[in-house]
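A.B. asks: Here are the chains, one letter per residue:
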Amino acid sequence: MIALDPLLVDDLLWVPLIIVLVKVLIVFVVGLLATMLMVWFERKAIAGMQNRIGPNKTGPFGILQTLADGIKLFFKEDLFPSRADRFVFALAPFLSFVPAFLAFAIIPLGGDFRNGSSGEVTLFGQVTRIQLADPPIGVLFALAISSIAVYGIMLAGWSSGSKYPLLGSVRASAQMVSYEAALGLSLACVLLLAGTLSTSGIVAAQSTITDWHFISTGIVPFIIFLIAATAELNRPPFDLVEAEQELVGGFNTEYSSIRFALFYLAEFMNTVTMSALIVTLFFGGPQPIAIGNFVFDIPLLPNALEGTFWLLAKILVFLYMYIWFRATLPRLRYDQLMDLGWKLLIPASLGWFMLLAAQRLARQNGWNIVLVTGGSIAVLVICYLLMQAAFAKSARDRSTQGTMF
Amino acid sequence: MVLLGAVGVIVRKHPVHAALSLVLTLFGVAVLFVAQEAHFLAAVQVIVYAGAIVVLFLFVIMLLGVDRVENLRTDPLTAQRPLAIITCLGLAGVLVAAIVNGNGVFNERGEGINLPDLQNGPDANTVQLAESIFSRYVVAFEVTSVLLVIAVVGTVLLTRKAKASAK
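Chains as they are written, first to last, in the working numbering: chain B, 1062 to 1466; chain S, 10 to 176.
Same shape as in the complex, but just chain B:
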């Protein structure tokens, strides 16, 4: 049982099979549409922020601009650089495009989770979820997928057989591997509170606004996750991978036509997926906004569909935030990027995880929670001071002995 759908455990019947196929189709089409609209939204919003008009010719408000660009890219010449490794060069765009879609499969896209409902809906007499797959490993699937996405960028840069793409891809792989650690550690805080790996379980654990994990884990893991996710997506201010001013276009310099379009699509698809993942993990996914017993309920709409509406609304907030980041923040220098990742985000998420774990243990065993929290904080402060001492020592060594590498 690879848990594509809980339904497939039993005999293979037509109705569940068709439901699964329709779900796959819907997720694929919605994914493509979302990507298309995201590209348009980003161009339009950035144009607004920079006092320009942005795309305005094709369709109302230029909304079909992406479609026109896509068709144009389809008909452009497909170039292979003469020094390229042909097989890997052709493979790389798909390695970055396919994971972007796969990760969307585990996001709960709707369903009624309130008051401890399981979020299951009944379609044609079959109990299922508004979610393509609910694998037992849940969120780990998203991490695994994002670690595969590294290959796309890395191999694209290497196989071009050119200098700047190689530099871009070496940067990218170092950046993505190191930020994945911070991503995973801040994710662990959420998993610790939710007590399950499955995405639907995580959503079900966040019924009121104080249960939303960004509050119940104490905001710090959310901020770390947000920064690490931005770095993982290679979006500004962490887009050193394709820093135009230094590396021409980074890993995709040598790509043209539809292969380039695939990279472009993958980047925006990943942004949408990552926003959806943030919403699922920290903001209750399809749960409505509820303060105490009061629920913002939309009348006339069935609760399951309402979930989809809430999810879309929350995702839009994050998409806008990513665009905002891009329009306002300058790009980091490479050593600043690595310092931020290794010296700040990873220790901070590790320490916070320890604090939450200690609190959880105290609550389970009935220890004095204030005492335990205070003790953990004291330990963390000592660790922080030790780390600062180590940094100071290495900085002093560097000034006396010169840099090591």
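Do not take every clue at face value.
[To be verified] With the C-beta cut set under 8 Å, the calculated list includes, among others, these residues of chain B facing chain S:
1. Pro1196
2. Pro1197
3. Ile1198
4. Leu1201
5. Phe1202
6. Ala1205
7. Ile1209
8. Val1211
9. Met1215
10. Trp1219
11. Ser1223
12. Val1231
13. Ala1235
14. Leu1258
[To be verified] Short derived list, chain B residues pointing at chain S, Cβ under 10 Å:
15. Val1149
16. Tyr1212
17. Ser1230
18. Ser1234
19. Thr1257
The hints are simulated quantities; they were obtained by calculation from the structure and are not laboratory data.
Backbone N, C-alpha and C fix where the C-beta goes; we use that ideal spot for every residue, glycine too.
Fit chain S to the given chain B structure using the hints.
C.D. replies: Chain S in isolation, oriented as in the chain B frame:
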């Protein structure tokens, strides 16, 4: 697929292609884990091995620029080929012996093979793994982590020494 990848690691002349074949093998192993109901292990296999370790391999290959075909005629260590053959044969012998020896274990569910209990919801797998790592095999687990730390410290020390002697 696993075997195809494994053969690819050896046969492909280009180091990057060999590393990619290794990824194929690791994926195959992850699929085998899923087939054995070890979902958590499969995910960790992909995240750690395919996602981090082989990426580091590729990283080193790209940074050091060893991605040219090496000359196989000249051998830096003359004894290395006969030794390799002997080691291979020995390893194959041990593996065959282990498989023949352990043939009966899977049928009678001997001690040490606790099949994952799928009745306790989707997380049973993870819970079981955590229980065995952090209670029964906790010493081995901690010793492994100490070993890793020693390896890291050793590497840092070696790079420092090399720099100092170069001066």
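A.B. asks: Taking each numbered hint in turn, which are not upheld by the structure, reported in ascending numerical order?
C.D. replies: 11
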